[in-house]
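Protein chains in written order, with our numbering: chain P, 3 to 289; chain X, 2 to 409.
Take these hints with a grain of salt, some might be off.
Quick list of in silico lysine to any residue cross-link-like pairs, SDA-like style, CA-CA up to 20 angstroms [what the hints assert, rightly or not]:
id	chain 1	residue 1	chain 2	residue 2
1	X	K373	X	D195
2	X	K407	P	S128
3	X	K407	P	L139
I should point out that these hints are in silico values taken from the structure, not numbers from a laboratory.
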Amino acid sequence: MGLQFFINAILLGGLYALMGLGFSLQWGISGIINLSYGAMVVLGSYLSLVLFNTLGLDPFISLIFSGFILFFLGALVYRFSLQPLLKGGIVFTLIITFAIRLVIENIILLIWSADYRTIRVSYAGSSLQLFNTFIPLTKFLTFIIAGILVYFTYLFMMNTKIGKGIQAVALDKEGALAVGVDDQKMYMINFAVGTALAGITGSLWANIYSFSPHIIGVIVGKVFIIAILGGLGNIWGAAAGGILLGFAETSGATFIGSQWQEAIGLVIMVAVLLFRPHGLIGKKFFG
Amino acid sequence: MLKNKWLLLILVSIFLLVVTGVSFAFDDVIKIGAAVSLTGKVAYEGNLVKQGYQVWEKWVNDHGGITAGGKTYGVEVIYYDDESDPVRGAKLTEKLITEDKVNFLGGPYSSAITFATSAIGEKYGVITIAPEANAVNIYERGYKYVFSILPPAPMLMAPIAYMMDEMLDPKPKTVAIIVANDLFPLSCGEGFRDKCKELGFEVVLFEKYPAGATDISALLTKVKALNPDVLGVAGYTADSLMAIRQCKELGLNPKLYAFSVGVMVPAFLNEMGADGNYVVEGEWWLPEMKLQDPIFGTTADYVKACKDLFGEDFKPQYWTASSSAAGSILQLAIEKADSIETDKVREAMASLDVELATWPAVAFNEKGQNIKWIHPVIQVQDGKFVLVYPEASQQNAPLYPTPAWKDR
Chain P
3 MGLQFFINAI
13 LLGGLYALMG
23 LGFSLQWGIS
33 GIINLSYGAM
43 VVLGSYLSLV
53 LFNTLGLDPF
63 ISLIFSGFIL
73 FFLGALVYRF
83 SLQPLLKGGI
93 VFTLIITFAI
103 RLVIENIILL
113 IWSADYRTIR
123 VSYAGSSLQL
133 FNTFIPLTKF
143 LTFIIAGILV
153 YFTYLFMMNT
163 KIGKGIQAVA
173 LDKEGALAVG
183 VDDQKMYMIN
193 FAVGTALAGI
203 TGSLWANIYS
213 FSPHIIGVIV
223 GKVFIIAILG
233 GLGNIWGAAA
243 GGILLGFAET
253 SGATFIGSQW
263 QEAIGLVIMV
273 AVLLFRPHGL
283 IGKKFFG
Chain X
2 MLKNKWLLLI
12 LVSIFLLVVT
22 GVSFAFDDVI
32 KIGAAVSLTG
42 KVAYEGNLVK
52 QGYQVWEKWV
62 NDHGGITAGG
72 KTYGVEVIYY
82 DDESDPVRGA
92 KLTEKLITED
102 KVNFLGGPYS
112 SAITFATSAI
122 GEKYGVITIA
132 PEANAVNIYE
142 RGYKYVFSIL
152 PPAPMLMAPI
162 AYMMDEMLDP
172 KPKTVAIIVA
182 NDLFPLSCGE
192 GFRDKCKELG
202 FEVVLFEKYP
212 AGATDISALL
222 TKVKALNPDV
232 LGVAGYTADS
242 LMAIRQCKEL
252 GLNPKLYAFS
262 VGVMVPAFLN
272 EMGADGNYVV
282 EGEWWLPEMK
292 LQDPIFGTTA
302 DYVKACKDLF
312 GEDFKPQYWT
322 ASSSAAGSIL
332 QLAIEKADSI
342 ETDKVREAMA
352 SLDVELATWP
362 AVAFNEKGQN
372 IKWIHPVIQV
382 QDGKFVLVYP
392 EASQQNAPLY
402 PTPAWKDR
């Protein structure tokens with residue numbers, strides 16, 4: 003039971019880490035609290051569903067398509083609906099992203115209805131067995147992929163020119179402008195990377211859980227907690243926040259009672275806001 | 002000239018036939034008001050409820066009407082659209098009583114709307130027979146004139162406990178129940194828990210999880226450590242999909258999976274495939290049941306009456322059956338009272354204890370709730386829904402115990 007607890011927690015946390023990362027980057031760097039993030043995750047799930055039903059594509063492969071499609075969707079959304087209204091401040095971006103959520107949600111409802119969907123790959127539900135502990139295969143693979151993607155995002159930010167540009171505008175916007183970095187382009191790419199991560203999370207989600215437009219709100223709730231736990235715009239912070247939320251929910255259910263499993267994440271979030279408002283890991287971004 | 006006379010005669014006959022209508026064949030007409038949701042968010046269920054009234058109305062008028070006090074009465078149901086709005090429902094109910102002068106009221110779909118309309122019925126002393134409203138608060142107001150066809154929610158899973166007691170061999174001993182923390186699932190789960198205890202099963206776990214949770218692996222790990230014979234899950238469709246999948250992932254192998262809802266929906270079989278086999282669920286009524294009453298005859302006759310009216314593809318489900326049952330109950334009460342006076346009918350209705358073709362059983366407590374069951378249990382067998390309980394309606398015996406995941 004001890005080992006099973008650990009496995010349950012860490013596998014859940016791995017998915018949460020990836021899920022929270024995109025949201026954290028968008029908020030921490032582009033300055034946009036993306037209320038449509040949950041809808042973008044679910045859109046990724048439905049894209050994988052379509053590719054699975056038509057081409058028989060495994061979600062572990064179709065996540066590449068979800069990532070690309072959502073990347074471009076994110077870039078378009080930023081360029082044509084967020085950027086023109088940035089001067090309006092945070093309230094405008096909240097209203098716009100909420101509107102985008104409603105649009106995506108209703109398109110999904112129109113096309114796929116509100117029924118819960120599942121992607122059942124041939125190995126769905128099978129597990130690796132370690133003594134008396136079960137490691138669900140799809141969740142295990144999801145964990146590995148999530149880990150790889152978080153690391154890739156880190157490499158992208160550290161080693162590419164664009165990544166360094168994004169860091170530059172995040173750390174010191176005026177300074178970056180002075181040396182010729184196109185700040186709006188960097189914000190747009192960063193926002194698009196965030197939505198791509200949302201799409202990929204959606205594909206992975208579809209492989210382990212059921213989904214419908216109803217879960218959009220649940221996801222938005224969780225990414226808020228993860229981003230705040232880790233510190234906004236901080237890659238390792240989001241990863242830590244995700245894992246922490248995984249452990250918080252699992253220990254809530256295991257040691258206190260399952261009805262507290264979600265409340266406990268919120269309690270920890272409030273504690274972090276009170277005592278470490280910059281998040282558990284460091285300050286903003288890599289600074 | 003002669004030709005014109007004939008034409009006039011025909012026209013006059015048609016006119017007479019139209020204006021006299023139902024009363025042409027009967028001594029008088031009983032008017033029943035039904036403000037139901039034909040548009041709005043519960044329009045789907047609202048229309049099914051209306052169809053249930055229509056089947057009963059047509060059947061009664063085609064089969065000699067209702068006899069009381071030496072007179073035969075035809076039935077006329079007056080429908081309005083409440084737009085899925087309780088306030089509108091209440092206003093229309095007032096209109097039905099004061100302007101249309103209806104004798105009785107047939108309730109709408111949903112507890113929320115019935116809560117409002119039954120208050121109007123009570124104010125004017127008109128009986129409401131509610132087909133689709135089992136929220137407890139409707140019946141806790143001390144009202145005299147409201148009766149429910151649908152039993153209270155805690156009874157939904159009760160027949161599963163009876164099935165466990167009467168049919169399963171070897172008889173299960175321990176039960177773990179997990180419940181989505183929301184009003185309806187909680188009522189179902191608590192009802193199941195209490196019935197299991199009453200029948201001598203040991204309830205080893207009763208735990209709530211947040212409604213809308215997407216991962217309950219931690220809770221199921223706890224269940225696994227207790228190794229119960231029966232796993233009861235009270236939730237919604239998403240919960241049933243989640244529970245089965247995560248049981249499989251964690252190698253959790255109860256001998257019986259008992260669900261409240263979310264099994265007998267197309268999504269369950271589509272999404273679960275063979276993993277959905279062996280699961281049982283409590284139901285209110287099914288068209289495959291073998292029930293009888295003096296009105297429709299058998300359930301099969303009732304299903305045929307529905308198909309005759311709405312086409313061969315129409316298969317009545319419990320939303321339709323419950324409103325037909327509301328009509329049937331009214332009819333039986335009037336015949337028993339031998340009068341259409343409200344208070345006599347009320348008294349007769351309160352003392353009814355019957356089986357209907359359209360409902361497994363009806364008998365009311367002093368609050369007007371239907372506290373009589375046995376309603377059915379279905380099991381998924383080989384990718385199909387099979388009626389396994391009660392024995393009188395059984396299509397196949399329940400498959401038990403459920404094989405372990407690795408042996409399937």
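Under the criterion that the straight-line Cα-Cα distance not exceed 20 angstroms, is the pair K407/X, S128/P satisfied? With a Cα-Cα distance of about 9 angstroms, the restraint between K407/X and S128/P holds, given a limit of 20 angstroms.
For K407/X and L139/P, compute the direct alpha-carbon distance and say whether it is at most 20 angstroms. Roughly 15 angstroms between the alpha carbons, so the hint for K407/X and L139/P holds.
What's the verdict on K373/X and D195/X, does the C-alpha distance respect the 20 angstroms limit or exceed it? Measuring from Cα to Cα gives roughly 16 angstroms; hence the hint holds.
Hint compliance for this structure: every hint is met.
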